[in-house]
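Using the sequences and the accompanying hints, generate a full structural model.
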Amino acid sequence: MDNASVTSNLIISTDRNSDNLSTNRYNTVSDGPVCLEYQCKAYKRRWWILLVFCFASLCQSLLWNTWSPLLDSLLISYQWTNSFVALIQAVSDAGFIVFAFPLMYVVETTDLRHGMVIAASLLVFNMALWNIAFPTNQHWLVAIGSVLNGVTGCITLAAPSLLSVIWFPMSERTTATAFASSSSSIGSAVAFLTSPYITGANVTASEVKHRDQLSPDFLDKLKIGISNMVYFETGVVVVCFVMVVVYFPPRPPRPPSISQTKHRVNFFQGLKSIYKNLNFWLMNIAFNLPNGSFNSWLPLCSMSFRSLGVGEVTAGWIGFFSLVAGVVSSIVVSAIADRMKRRLKLFCVILSLLALAALLLLACIQGDYIHIPENNFIGVLYTLCIGASMFVNGCVPLFYELGCEVTFPVHEGLTNTVLNVVNNLVGMLFFLLFLVPSLASDTRWMTWTCVGTCALSIPLLVIMKDRYPRLELELDIANN
1 MDNASVTSNL IISTDRNSDN LSTNRYNTVS DGPVCLEYQC KAYKRRWWIL
51 LVFCFASLCQ SLLWNTWSPL LDSLLISYQW TNSFVALIQA VSDAGFIVFA
101 FPLMYVVETT DLRHGMVIAA SLLVFNMALW NIAFPTNQHW LVAIGSVLNG
151 VTGCITLAAP SLLSVIWFPM SERTTATAFA SSSSSIGSAV AFLTSPYITG
201 ANVTASEVKH RDQLSPDFLD KLKIGISNMV YFETGVVVVC FVMVVVYFPP
251 RPPRPPSISQ TKHRVNFFQG LKSIYKNLNF WLMNIAFNLP NGSFNSWLPL
301 CSMSFRSLGV GEVTAGWIGF FSLVAGVVSS IVVSAIADRM KRRLKLFCVI
351 LSLLALAALL LLACIQGDYI HIPENNFIGV LYTLCIGASM FVNGCVPLFY
401 ELGCEVTFPV HEGLTNTVLN VVNNLVGMLF FLLFLVPSLA SDTRWMTWTC
451 VGTCALSIPL LVIMKDRYPR LELELDIANN
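All residue numbers for the sequence shown refer to this note's numbering, where the first residue is 1 and numbers rise by one.
Quick caveat, the hints were computed from the structure, so don't treat them as lab data.
Hints are not guaranteed to be accurate.
What the hints assert, rightly or not - Estimated spans, in silico, between C-beta atoms of each pair:
(1) LEU429 to THR81: 12 to 22 angstroms
(2) THR136 to ILE198: 20 to 30 angstroms
(3) TRP48 to THR110: 12 to 22 angstroms
Keep in mind the model is a prediction, meaning the values are calculated, not measured.
Every residue, glycine too, gets a C-beta built ideally from N, C-alpha and C.
This is the structure we're talking about:
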């Protein structure tokens, strides 16, 4: 057994000699705590579990953001349109929406390992379809694979708080959630680099405009590069599958905290409780309107910035640094919030105000309401996009934890599932707007949509009443 830190004593069983509890001994879904005394422990292996989960989440988002950074290359080499690329991401979000609750029901009635094995398997099937799609020129298989990838997100996007409450003590929970939830942003950021650079694509706005004059050799080079990128992602996904299968236990022998042993309501009672919880829905909408629209806009920033003369590679670097900044921001903010646990709402309001300011400036620059000198233009784009991502994505783990507090004792996985269903619904609607020809050709509405959703979220947060029953349970028992 790992050398583990003892966090508290808790009476939950009748077998005082048991050191290794059975896997269902402190089931937090349908079983109340049984009655014996043992010590809560935080096991060192929790960091491996977090690493595997983060890598799976990274792979899912890497695949989700594969095609957007290559939009100009796909437009030239395979005659893909803006609408088709947006549709691929829309069907991925639709896959999440349709299968989110069934998969989370599987996790609640079994354990997180079952969900992770399903998720890793779907990633492998996704890559199998993509490897068939391009040699056979059957690009509809890309869309089918993207649906499978969206279903994978039902686990990797919805379970960060569940993972943290199963494996981490109260003092590390928000930070663990930050790492687990931010890994999806890292995957999307990596895609901004791997997609253009593994393919060797460096398509400029001018080449897109004069694509009919490009040589066949140039087009063949782009197609070979796209195939190489698919092979690279296949290797990454296979590694992820092996890591999950080799070692990802369902739960530790002993719980890391007292709240983990607290009886949770069952799946359907939890859904009913969430449905009636007004404060949760205020927080849910305040979180997902700006987050869902911004994180749908950012992968398509090359499309949004094309009218400004920004090329595919430059837009990719802007997207990369923006998402990395969002990851760093979320971890730093969460580490601070772990020491100020009753101030989650305040953090979210402040970050939302800052995000609104950055996005409003960016929209005004794109609309020529603010003039920026040419030699400073790219630097200003970097600054505003990075700032907006830091503020929008910096509060993601805070919203996850706040949602779990507001809905407690509803299962953390179910709460995060509802949050992510709404998030994917917002993203899907954003992408489906590209099916309107006028909106697909003039993309200035994208940034203004982010401004509007961010502005709407702030009053919703202000009127929401935050409460922390899960935290209070931990503190009450610790004090006694």
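Quick rundown of the hints versus the structure:
At roughly 19 angstroms, the beta-carbon separation of LEU429 and THR81 lies within the given 12 to 22 angstroms, and the hint holds. Taking 20 to 30 angstroms as the suggested C-beta distance range, the pair THR136 and ILE198 conforms, at roughly 21 angstroms. A hinted range of 12 to 22 angstroms for the beta carbons of TRP48 and THR110 is consistent with their spacing of about 21 angstroms.
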